[in-house]
Amino acid sequence: MAAIVGGLFVGVLFGFVLQRGRFCMNSAFRDAILLKDNTLLKSVLVAILVAMVGFALLATAGLVKISPSGFFWGAHLVGGILFGVGMVLAGGCASGITYRIGEGVVSAFAAAIGLTIAGSLTMFGFLKPIKDFLQKSTTIKVGDANPTLANIFGLDHTLVAIGLAVIIGIIWLVIALNNKEKPEKKVDVPLFTAIFKKGWGWLAAGISVGLVNVLAFYLSTLAKRSYPLGITSGWVGLAKLTIGFEEVKEGVATKYALGFGDYLIVGIILGTLIAALIANEFKIRWPGWATIGQTFGGGLFMGFGAITSGGCNVGHILSGIPQLGIGSILGGISIVIGAWVAAYLIFVRRNA
Amino acid sequence: MSDVVVPTKTLNVCGKICPYPDMDTMTSLKKMNKGEILEVLLDYPLSVERIPRNLTKQGHRLISVENTGGPNHRMLIEAHGLK
Chain A
0 MAAIVGGLFV
10 GVLFGFVLQR
20 GRFCMNSAFR
30 DAILLKDNTL
40 LKSVLVAILV
50 AMVGFALLAT
60 AGLVKISPSG
70 FFWGAHLVGG
80 ILFGVGMVLA
90 GGCASGITYR
100 IGEGVVSAFA
110 AAIGLTIAGS
120 LTMFGFLKPI
130 KDFLQKSTTI
140 KVGDANPTLA
150 NIFGLDHTLV
160 AIGLAVIIGI
170 IWLVIALNNK
180 EKPEKKVDVP
190 LFTAIFKKGW
200 GWLAAGISVG
210 LVNVLAFYLS
220 TLAKRSYPLG
230 ITSGWVGLAK
240 LTIGFEEVKE
250 GVATKYALGF
260 GDYLIVGIIL
270 GTLIAALIAN
280 EFKIRWPGWA
290 TIGQTFGGGL
300 FMGFGAITSG
310 GCNVGHILSG
320 IPQLGIGSIL
330 GGISIVIGAW
340 VAAYLIFVRR
350 NA
Chain B
0 MSDVVVPTKT
10 LNVCGKICPY
20 PDMDTMTSLK
30 KMNKGEILEV
40 LLDYPLSVER
50 IPRNLTKQGH
60 RLISVENTGG
70 PNHRMLIEAH
80 GLK
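Order-wise, the sequence lines are chains A and B.
Quick note on numbering that gives the first Met the number 0: the first sequence kicks off at 0 and runs consecutively.
Quick note on numbering that gives the first Met the number 0: the second sequence kicks off at 0 and runs consecutively.
What the hints contain is simulated information worked out from the structure, not anything from laboratory work.
Nothing here was measured: the structure is a model prediction, and the numbers come from that model.
Keep in mind that a hint or two might mislead.
[As the list claims (entries may be wrong)] Quick list of simulated restraints, FRET-style, between CB atoms: (1) T55/B x I167/A: 22 to 32 Å; (2) K56/B x F191/A: 51 to 61 Å; (3) G80/B x I151/A: 51 to 61 Å; (4) G292/A x L40/B: 16 to 26 Å; (5) K56/B x Y343/A: 18 to 28 Å; (6) K56/B x I139/A: 38 to 48 Å; (7) L210/A x P6/B: 35 to 45 Å; (8) L176/A x E65/B: 37 to 47 Å; (9) G68/B x G124/A: 42 to 52 Å; (10) R73/B x K248/A: 54 to 64 Å; (11) E65/B x V347/A: 23 to 33 Å; (12) G58/B x V4/A: 47 to 57 Å; (13) L210/A x L40/B: 31 to 41 Å.
[Unchecked claim] Sample of chain B residues lacking proximity to chain A, with all beta carbon distances greater than 10 Å (derived): (14) V3; (15) V4; (16) T26; (17) V64; (18) P70; (19) R73.
[Stated by the list, open to error] Chain B regions said to be covered by chain A (calculated; three or more residues, Cβ under 8 Å): (20) 11-25; (21) 45-58.
For every residue, glycine included, the Cβ atom is placed at its ideal position computed from N, Cα and C.
Assemble the whole structure, with the sequences as input and the hints as a guide.
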């Protein structure tokens, strides 16, 4: 019950925020390089900082347990880079392709199918040995724990998380104050229009994504999942249900039952649909077969990459880095490297 | 006003998402002569907001953005002539 209600509720909120905030991590990394536009990148950084503080406070209150991804450097590098390449081909990151289904973007649906197929094959199909090898041969632990920026120095998690967030915040503020950017033109519109009709600014979008993630961590803990937002495993869960996958639990073969992460996916698509309908931005968009093929292929890379690396852009960058996980930091950097290489090859060289 | 402007070239990126509407628009503009008009047809909300923000940085001039129903937009841009 906690899984259904919590997953759907957080999903709907997340989908709504993603659609209104135009939150797109694929664009965030690429824009900064190709278009010299770091608007979305600032949004991502805000979301990380809000989650970093929020997670630490929840953990201190004993409401959640910090549970960073494992650290297996080989798998993070290979999986992350492939994921990054895939997301450029697919036209969106894992959260991007998921929420755009609710906007009626057919190519996003094709990418999600690709992600689900490759993700499933990597989780429990013929690609599993590759993932297992990459993960097991390069795993590094701190004692029994997965390494974080706090525990490798033997420091308290809350102290490091909040300290780091404050330091980054101050540095950023100083840079922003020195770098007198012209503030964006403010247009006065009624609150309803600002929230439901116009795209949100980067700050509002970043804070909202961060807060939804904090709520996700708490509610998923109530549902005994204990991880903030994540996308790929939810899709794989939906695939398991579709094919009637059976798991052996305590010696008995049990049909796979949907969990928090799976309902999250359904909720995201619903939330986006609601937001898009209100804003009159819903439309079935057919891009032609060539694009469908390309995004499906991109999805395949993303699925293999995310499961191998132990997280997609959401699991690593939005949820793992705020928990200070070293694995997520490397996984996140690898995704960015893969995306930049692919964007360079596709856009810069093509136009040279 | 916008119906008086005759586009030199039309780019239809409907159905395309992240990053293609932006990149295709910028690439097309780069290949055009100064003063030529590019008409962009698009239905991706993020690009509708982002393209105007970025093209001025390259020196191009946005003539108009027109909502042609739902998420569909028609954008007219005057190229700066970077060729």
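Verification of the supplied hints:
1. At roughly 30 Å, the beta carbons of T55/B and I167/A sit within the given window of 22 to 32 Å.
2. A hinted range of 51 to 61 Å for the beta carbons of K56/B and F191/A is inconsistent with their spacing of about 32 Å.
3. Take G80/B and I151/A: their Cβ atoms lie about 54 Å apart, and the range 51 to 61 Å holds.
4. Checked against the hint of 16 to 26 Å, the pair G292/A and L40/B passes, with Cβ atoms roughly 23 Å apart.
5. A C-beta distance of roughly 20 Å is found between K56/B and Y343/A, which places it inside the suggested range of 18 to 28 Å.
6. Our hint of 38 to 48 Å for K56/B and I139/A holds, since their Cβ atoms are close to 43 Å apart.
7. Between L210/A and P6/B the Cβ separation comes to about 44 Å, which falls inside the hinted range of 35 to 45 Å.
8. For L176/A and E65/B, the Cβ-Cβ distance of about 38 Å falls inside the hinted range of 37 to 47 Å, so the restraint holds.
9. Checked against the hint of 42 to 52 Å, the pair G68/B and G124/A passes, with Cβ atoms roughly 44 Å apart.
10. The given range of 54 to 64 Å is respected by R73/B and K248/A, whose C-beta atoms sit roughly 57 Å from each other.
11. A beta carbon spacing of about 31 Å between E65/B and V347/A agrees with the range 23 to 33 Å that was offered as a hint.
12. Look at G58/B against V4/A: about 53 Å separates their beta carbons, and that is inside 47 to 57 Å.
13. Distance hint for L210/A and L40/B: a CB-CB separation of about 36 Å, consistent with the stated range 31 to 41 Å.
14. Its beta-carbon lying about 26 Å from the closest one in chain A, V3/B satisfies the requirement of being farther than 10 Å from that chain.
15. Residue-level check passed: V4/B sits 24 Å from the nearest beta carbon of chain A, beyond 10 Å.
16. For T26/B, the condition that its CB be more than 10 Å from all CB atoms of chain A is violated, with the nearest at approximately 5 Å.
17. Residue-level check passed: V64/B sits 13 Å from the nearest beta carbon of chain A, beyond 10 Å.
18. Here P70/B does not stay apart from chain A, with its beta-carbon only about 4 Å from theirs, under the 10 Å limit.
19. Look at R73/B: its CB is around 15 Å from the nearest CB on chain A, clear of 10 Å, so calling it non-interface holds up.
20. With a cut-off of 8 Å between beta carbons, the region 11-25 of chain B has 10 residues touching chain A; three or more are needed, and the interface restraint holds.
21. Counting residues of the region 45-58 of chain B whose CB falls under 8 Å from any CB of chain A gives 6; the rule of at least 3 is met.
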